[in-house]
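**Q** So you can see what is in the structure, the chains are spelled out below.
Number of protein chains: 2
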Amino acid sequence: MRTGIATVCLSGTLREKMQACAVAGFDGIEIFEQDLVTSPLSPEDVRKLAADLGLTLDLYQPFRDFDSVPEDLLAANLRRADAKFRLMSRLGMDTMLLCSNVGTATIDDDELRAAQLSRLAALAGDHGVKVAYEALAWGKYVNDYEHAHRLVDMVDHPNLGTCLDSFHILSRDWDTAPIEAFNPEKIFFVQVADAPKLSMDVLSWSRHYRVFPGEGQFELAKFMGHVVRAGYAGPVSLEVFNDVFRQSDVERTAVDAMRSLIWLEEQSARWLEANPAPAAGKASGASARRRYPMELATLPRVAEPAGFNFAEVRAGDTAGLETLLGQLGFAFNGRHRTKDVQLWTMGHARVIINEEPAPFGTATPAGGGPAAGTGQPAPAAPAISALGFDVDSPVIAAARAQQLKAPAVPRKSQANEEVFQGFAAPDSTEIFLCQGSPDGTAAWVGEFGEPYESGEELPLAAPDAGPVPGAGAGAGAVIDHVNLAQPWQHFDEAVLFYTSALALEPQPYAEVASPTGLVRSQVMLTEDRGVRLVLNLAPLLQQEAADGTKEPGAAGSGHRRTYQEHVAFAVDDLVATARAARDRGLDFLQIPANYYEDLDARFALDPEFLATLRELNLLYDRDADGEFLHFYTATVGSVFFEMVERRGAYDGYGAPNAPVRHAVQYDHLHQLTRTS
Amino acid sequence: MRTGIATVCLSGTLREKMQACAVAGFDGIEIFEQDLVTSPLSPEDVRKLAADLGLTLDLYQPFRDFDSVPEDLLAANLRRADAKFRLMSRLGMDTMLLCSNVGTATIDDDELRAAQLSRLAALAGDHGVKVAYEALAWGKYVNDYEHAHRLVDMVDHPNLGTCLDSFHILSRDWDTAPIEAFNPEKIFFVQVADAPKLSMDVLSWSRHYRVFPGEGQFELAKFMGHVVRAGYAGPVSLEVFNDVFRQSDVERTAVDAMRSLIWLEEQSARWLEANPAPAAGKASGASARRRYPMELATLPRVAEPAGFNFAEVRAGDTAGLETLLGQLGFAFNGRHRTKDVQLWTMGHARVIINEEPAPFGTATPAGGGPAAGTGQPAPAAPAISALGFDVDSPVIAAARAQQLKAPAVPRKSQANEEVFQGFAAPDSTEIFLCQGSPDGTAAWVGEFGEPYESGEELPLAAPDAGPVPGAGAGAGAVIDHVNLAQPWQHFDEAVLFYTSALALEPQPYAEVASPTGLVRSQVMLTEDRGVRLVLNLAPLLQQEAADGTKEPGAAGSGHRRTYQEHVAFAVDDLVATARAARDRGLDFLQIPANYYEDLDARFALDPEFLATLRELNLLYDRDADGEFLHFYTATVGSVFFEMVERRGAYDGYGAPNAPVRHAVQYDHLHQLTRTS
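Sequence order for the protein chains is A and B.
Count along the first sequence from 1, then add 35; that gives the number in the working numbering.
Count along the second sequence from 1, then add 35; that gives the number in the working numbering.
Quick caveat, the hints were computed from the structure, so don't treat them as lab data.
Watch out, some of these pointers could steer you wrong.
No copy is singled out in the list; a pair is fine if it fits within one copy or between any two copies.
To be verified - Derived pair list, reagent style SDA-like, types lysine to any residue, alpha-carbon separation capped at 25 angstroms: (1) Lys-119 x Arg-657; (2) Lys-257 x Thr-211; (3) Lys-232 x Trp-173; (4) Lys-232 x Leu-553; (5) Lys-257 x Ala-118; (6) Lys-175 x Arg-657; (7) Lys-257 x Asp-210; (8) Lys-221 x Leu-158; (9) Lys-175 x Lys-232; (10) Lys-257 x Thr-647; (11) Lys-83 x Gln-625; (12) Lys-232 x His-243; (13) Lys-257 x Arg-555.
Input sequences plus hints: build the corresponding full structure.
**A** Have a look at this one:
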């Protein structure tokens, strides 16, 4: 598949955009007219720069408001087109995008339109260029891609074809199957964009909220499948108008864009595989058309991860973390034999405390996983730095991630130590792919437990300090979910990253109120719920405030903000776990009395049960499928923990309780600020 | 008018919200349930805090999903209501908001609904409280305020009335006139919210985009006029769900909110004055009902300003500014007799360069106008710090602004010097109200021209250096418009501020592309175009970058970001002005050659004229009403200048050229960064 991208998707100058596209590995680009008009580069400069960068210039766009006009206006439009065709010759470009008329169309007559398009096609022919006619979703008379294609057929000129833009087609819910019957020689160009399903006017939706494939909700693989079956083999080019991408780092956005096309290519191949062309198709034989002119590259396939292998918190000052984990009932499993790293476990839930310095010269200063590098010292305040996932084959999964342009993270390991495949998520969290085991154990645990060479004092709950009280309640414990804060400018990128590289499925997002604004909460799941990852988009001012107070070199400086994040562990008996934790002196997040009154008003709970909830600062939710009990710890650095118990088939996260957590955490933070 | 506000409008904890409401001067508040549930304050604490702050607790809200349900669900709902009524007694509150059912309604039967509402009203009566029933715009069966009112009439119980919410009524375009016929005793509550006209689903519109009155496009004065004529005299309370306000500083937002109600009260009084009640109204006599139960306070009326009196730029290092102004053709009019301030003029366009230190202890460190205080030294880099407006009566206009809670700015002046009435705009620009004169002159100019005591060298174009070459071309020059950058969290506040305090009219906003994202451009006008103010909302990352690089104590630290801003001057002959400026060596913003090719393609300009545009780096636009020529200077600090010529009745600002300016300025800034 030939990949392309319109310069309007990216921030910066035309030169910066072109360089970023080349670095990200695109085959070609669309020149968005305004980017050229505002550039000091001459058309000849642009042509040479593209050649030097190995980029083809695939589409000049857009040419607007041409058809369905009176004759005098048509003459002016042809004059305007002539100027642009001459410009295209200087650029060495051969295809121009023509949008169906929005602003100046006054005559609704297909015969007239075809005649006018025919004159444009003839003029284009004189200049040796082609015109790709596209039905805008809000075109005045032509807003349906089949209508545009009928007009192209009526004109029947070699220099006029159509451009198929997934947004204009899927935003209107047009059926995409008829594409297959199109003459592929008349499909001059294909543009792809995804979008979240929004109920708003289609023009605003298109201009502000398009996203890259895999970041929205359109059925793009199906769209592409029809395009491939039609026999189209030209560029598949991104045209994504997005307020955030326009502001984001150009090189990074270009990589995000490229990742979306690599993923779309694979998904399209899979769709074709799952939906064989009907035997009565336009091909003569039943076995014909198995190979299409467009070749689709595929990626190594991976199953979705079975679960979390570990969660890692990086910290210079580990005392608070050790205390919290010990009080929750985690057992200290010792230090790593060669690294400054501790292991704490409860059932199959494993938490690593990493005191290693950050690796040198990486874009991801958040930590190094169990196999950390060397560099800056760990920041004092704890922060979630890495997550391990159980996968069938770490090597294959890592190869897939790498082909999806996930940046690998450097790590060191010594002989006889398990080597983790790791890469950096958009928020700088390190993602490690680990060999899962059917019984939920992890082989690398054996690397822990030997006395650490530094001779430091062992922490509170060292294994030789005897059995941890109440640990039995946590025998079945696992990591239930992890909640990561996302910087606003990389949220969509994160969704695509986890979708494509880790096979997690995004769910419809929720919004919860906090004292500093609405928090957007995006759940990413595996089908069997073995992995639940929650991406939180914090309010802007909260991100700014966090940014303002972060210490240099802290986890996520540069990317992640020090907004609060957490790891949640599921246990079988939350009340017992909470009681034991309370007996060990745990600092629970204190829930207001008003909450329990409201809970009672809503759910009419058994008074004894309500008293238990209140006594232990437990939160409660219920839906048609089951019940959810949970509690939170106080925050250390930017990290806190949650313990949950799922009863029945409850599949949520206690969203109605989230405002309570946010408010209490906010209040606590303010009290700290006031007293310090 | 009794003023109120729902706690959901504001950020922070319940205590912080209540304190901010009291400081802003509200009479009462609505308690949003979630704010109470998440608060550590007991109901009794809240009651006492409100009493201490002088706030009445006017409405407990919301109670949802009550009516139109089967009997078993109704029983649960009554139990839930009973708990909330008991809670209200502890809070000392007497009115609860009941929203029409969205989620659980299954029976569409007004008889049944009335019977269910009747049971709720009886229960409320037992507790001595009242229920105000509101039709949500997206209610399943009840989504029309007249329908809700009919149900209230059917029930006919003293403890059931209706709540009128302007958003739910105006978002659906319901006619508001029928409100006048309502029995005022059945209107238990009135909530007001404004909103921009958006084409999206009404639920999302309501939850994210409501704004305070005067910040949107609803006809709220008319709505309120009908409410007043109905005879309602209860609280008029803001219920504004807005993503930005939820994140903004609570005290500041509360003042913005209060300003909106003061303004709405005045606008409502004016609407009533302009729309006398029909003689055949519900009152018996033609002269009756002139006085309504609700008393509406009014403000001193002011005419819209006639024009800009001056623009002030504050700078420690003034050399670059002096050079630019001299090259543009401005004459140096000397220094102020007692302040470290220069005056430059061209025709009636006056620019003040202020080198005075900032006033002490103010929230507006941006400068001190011609009457500056003492304090921090001026920042080295020039920034727009103040604007003077010609008004009929500065004292009355200032009194109006003060009653609209505009913060006054401190200034010092000496005997025989004109005293300016000044206050601070939301972006920290200082606004001075000056006595306009019919001939466009300003009396205070006489305070300039004497040699400044410090004995510094006079700048380049001092008056005794002879006539400025080419100054004749600028004899008719005036300030055409001023373009100010707005921080994202105060944009709506700025619109209301200039609307209410300065009688400027907001126009529909435009969005223009820049290399770092879309810039929202909001024009505020007087009817005769004597004042044109353009508020630019820069992309977030641009604001962050500016913020990151600003120097401590710089203009706008704390509020304004150092995004580029400018003053535009209108002249009669732009080509002559540009030629003279070029001959004096002006550093023009360099316009790319591609721009002129595109211009030619679009407008088919006379080749000689096009050559002139190209030669002088002039930009051009044309519409049905006329033509627009303009050019920009290079930027000094965060300030640049524009010279414009309006031909015919052209009323715009060359918006199609704005992306060119942004791109060239961006490129220039990056070149500076690369070479420094």
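**Q** Now, for every hint given, state plainly whether the structure supports it.
**A** Evaluation of the provided hints:
no.	hint	result
1	Lys-119 x Arg-657	between (63 angstroms within a copy, 20 angstroms between copies)
2	Lys-257 x Thr-211	within (8 angstroms within a copy, 48 angstroms between copies)
3	Lys-232 x Trp-173	both (17 angstroms within a copy, 19 angstroms between copies)
4	Lys-232 x Leu-553	both (20 angstroms within a copy, 22 angstroms between copies)
5	Lys-257 x Ala-118	neither (38 angstroms within a copy, 52 angstroms between copies)
6	Lys-175 x Arg-657	between (50 angstroms within a copy, 24 angstroms between copies)
7	Lys-257 x Asp-210	within (10 angstroms within a copy, 46 angstroms between copies)
8	Lys-221 x Leu-158	within (18 angstroms within a copy, 72 angstroms between copies)
9	Lys-175 x Lys-232	both (23 angstroms within a copy, 22 angstroms between copies)
10	Lys-257 x Thr-647	neither (52 angstroms within a copy, 54 angstroms between copies)
11	Lys-83 x Gln-625	between (65 angstroms within a copy, 23 angstroms between copies)
12	Lys-232 x His-243	both (13 angstroms within a copy, 17 angstroms between copies)
13	Lys-257 x Arg-555	neither (29 angstroms within a copy, 36 angstroms between copies)
When each numbered hint is compared with the structure, violations occur for hints 5, 10, 13.
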